[in-house]
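Quick note, the sequences are listed as chains W and U, same order.
At position 55 of the first sequence (counting the first as 1) the number is 55 in this note's numbering, and the numbers step up by one without a gap.
At position 101 of the second sequence (counting the first as 1) the number is 1101 in this note's numbering, and the numbers step up by one without a gap.
Since the hints were derived computationally from the structure, they do not count as laboratory data.
Be a bit skeptical, because a hint or two may be false.
Said to hold, decoys possible - Derived EDC-like pairs: lysine to aspartate or glutamate, alpha-carbon spacing no greater than 20 Å straight-line:
hint : chain 1 : residue 1 : chain 2 : residue 2
1    : W       : K150      : U       : E1286
2    : U       : K1240     : W       : D128
3    : W       : K82       : W       : E151
4    : W       : K68       : U       : E1047
5    : W       : K150      : U       : E1252
6    : W       : K150      : U       : E1293
7    : W       : K68       : W       : E118
8    : U       : K1453     : W       : E151
9    : U       : K1353     : W       : E118
10   : W       : K150      : U       : D1429
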Amino acid sequence: MNRSGAAGTDTTAAPKVIEMDDVSISFGGIHAVDHASLDLHEGEVVALLGHNGAGKSTFIKILSGAYKRDGGTIKVRGETAKIDNPRDAKAYGIETIYQSLALADNVDTAANLFLGRELRTMFGTLDDVAMEARAREVMGRLNPRFQRFKEPVVKLSGGQRQSVAIARAILFDAQILIMDEPTAALGPQETAGVADLIKQLKADGISIFLISHDIEDVFGLADRVAVMKNGRMVGHAPVGAVTRDEVLGMIILGKCPPGATPGPGAMD
Amino acid sequence: MNATSFESKSAGEAPAASGAGARAPDSGQFARADRGNALQRFFRATEIDTRMLGMIGALLLIWIVFHIMSDYRFLTPRNLWNLSVQASGVAIMSTGMVLIIVTRHIDLSVGSILGFVAMVMGVAQTRYLAQYFGDLGPWTWAAALFCGVVLGALIGGLHGWIIAYRGVPAFIVTLGGLLVWRGAAWWVTSGQTVAPMDPTFRLMGGGPYGAIGAFWSWMVGLVACVAIVLGIFLDRRNRKRFDFPLRPRWAEFTLAGVGCTLVLGAVAVVNAYPWPKGIVRRHVAENGIVVPEGETLFIAHGIAIPVLVAIGVGVVMTFIATRTRFGRYVFAMGGNPEAAELAGINTRWVTMKIFMLMGVLCAIAAAISTARLNAATNAQGTLDELLVIAAAVIGGTSLGGGIGTIVGAMIGAVVMQSLQSGMVLLGVDAPFQNVVVGVVLVLAVWLDGIYRKRSA
């Protein structure tokens, strides 16, 4: 729909692909996510910001099926979705790049890329050659110099492991992509590469949740920013409507500026 | 691109060129591995796992030391044949233990499951099958084995369900199982030994009749050789199809040559072990064979049926571990359980299936053990769990999870059995045998840890 939408233009006109409404989860009496709501529109990049421990990773892991929420509803393309585990989320076209990368360290790149969705031969056995061929293709696009296909991913560098995690998420035509601190393990050059990738994915019409604790990382990429503090949603705003300092104020003080839509976590 | 044109040229040349000429086109491939000394180059080119090679070296060393210490009685066809039969049960169970340890679990109950299933198979063929289904004749063995396999799967499934879906640690569940199933084995007949077994069933245990003879042993050997050559050929063709790096030609010929030599050598050894004179005499009398005066007929044992079963299990389990989704999930779960879960794998169901598989393998081992003893006793398989775990661990299965091979565990089983047989041959007292086995186990894990740290 909104294929060429550069950062800052109004993307909320496009239809909503994700509506997370009044979502809560607690671990042993601690409200990690407390009645938080957030939407994502088609082709939109929404950056979810907050301190370490603000609950942003937990909130988004509910969408990817890693955690089962205590309350609230999730709608995908307007219909109530049943997301109780990662399989459910993938069935809705929601792919996640986890902060921990979630790689099986002892198997090779192709096995990780296709984990849970292996290609099989007509006899039902694993088609390792076809998987490796496809892995070479997609890794060649992300990281052209990468050649260590036969080695377990534990032997790869941080940047290479990150590429494997990203490649896995985009391999299966994701419509909704969750990126949890995708540049945490990367150097400046590789970080720029990821930024280019996000722009390219957005141009392809993919909707993206981008989780970060660093506003500099996301300000040039996101259409909207949303801020969480102490498990609650402080508010969200189009990047054009707020300044960096105002967003910092949201993150640190929980103070919602005039240009933002306040949430339940906003200080008055 | 380069590799394609390059390979198609060499393929075109191959029929015309022979010997040294066919080798030349591989020099380009070889450049990749052209670093390090000759030995390193050799291992890189052949893609042989040096760790596995070290284990085989250790096994050979054990054999040679025992051979010398026992006045050259260890490396005889007779001893090696018996060794192969005795190792088969533990080898079969160790293949399942690999998958369990790879997923960071443990199974302490395999010896007790073996005992209980053996008792049930025993009473099934001596009493209940005939009672409920009439005389099944030559199919009694199959029916008894079927009962055992189903029972093994049910017991393993129960363990797996409690572990996977009820979250009780495998150590505790199978420790409980160790006691429960040993008690159950006693309870089947209130401790009485069940004997004798069905004559067809007994063939699974080896012995002169439970071996396939010289001719069929050579046939099995030939089939294995063809499989080795075909496997290498198909692998090369697949790699070519996708332009993956190829092994140099000489390395592939070396691999095929060594593999076939080992297979045929093993067949030659088991074919060099003749039937005992008494049995030959009876066989001659029963079949009216005319033997010249003063000569005895040489009838070779050939490969024992339990060994064939173990090899079959090894092939099937290797296939499961490396070529199926289930196997891939087992290893992924071992490497990072959380990642496997997040990738959408139904880790609980996979865990339960692993334990079911273990139960089935216990039942197969129980059949072999019962057939060999020609009896089922409630003490059967006592302490087998430790041998099985030791075999898997000596065979390179990491207790940290994620690492292990089926073939390694089976070689580990042969190592354990070699130690035991060797000490029996030397007349070492039984309690001291346990001391040695225990020390070897700890030593092996320690050495393995050092190796892994260095190669990491």
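Results of checking the hints against the structure:
1. W:K150 x U:E1286: Measuring from Cα to Cα gives roughly 60 Å; hence the hint is violated.
2. U:K1240 x W:D128: 14 Å, holds
3. W:K82 x W:E151: 37 Å, violated
4. W:K68 x U:E1047: 45 Å, violated
5. W:K150 x U:E1252: Holds. K150 of chain W to E1252 of chain U sits at ~19 Å (cutoff 20 Å).
6. W:K150 x U:E1293: 65 Å, violated
7. W:K68 x W:E118: 26 Å, violated
8. U:K1453 x W:E151: 16 Å, holds
9. U:K1353 x W:E118: 19 Å, holds
10. W:K150 x U:D1429: 48 Å, violated
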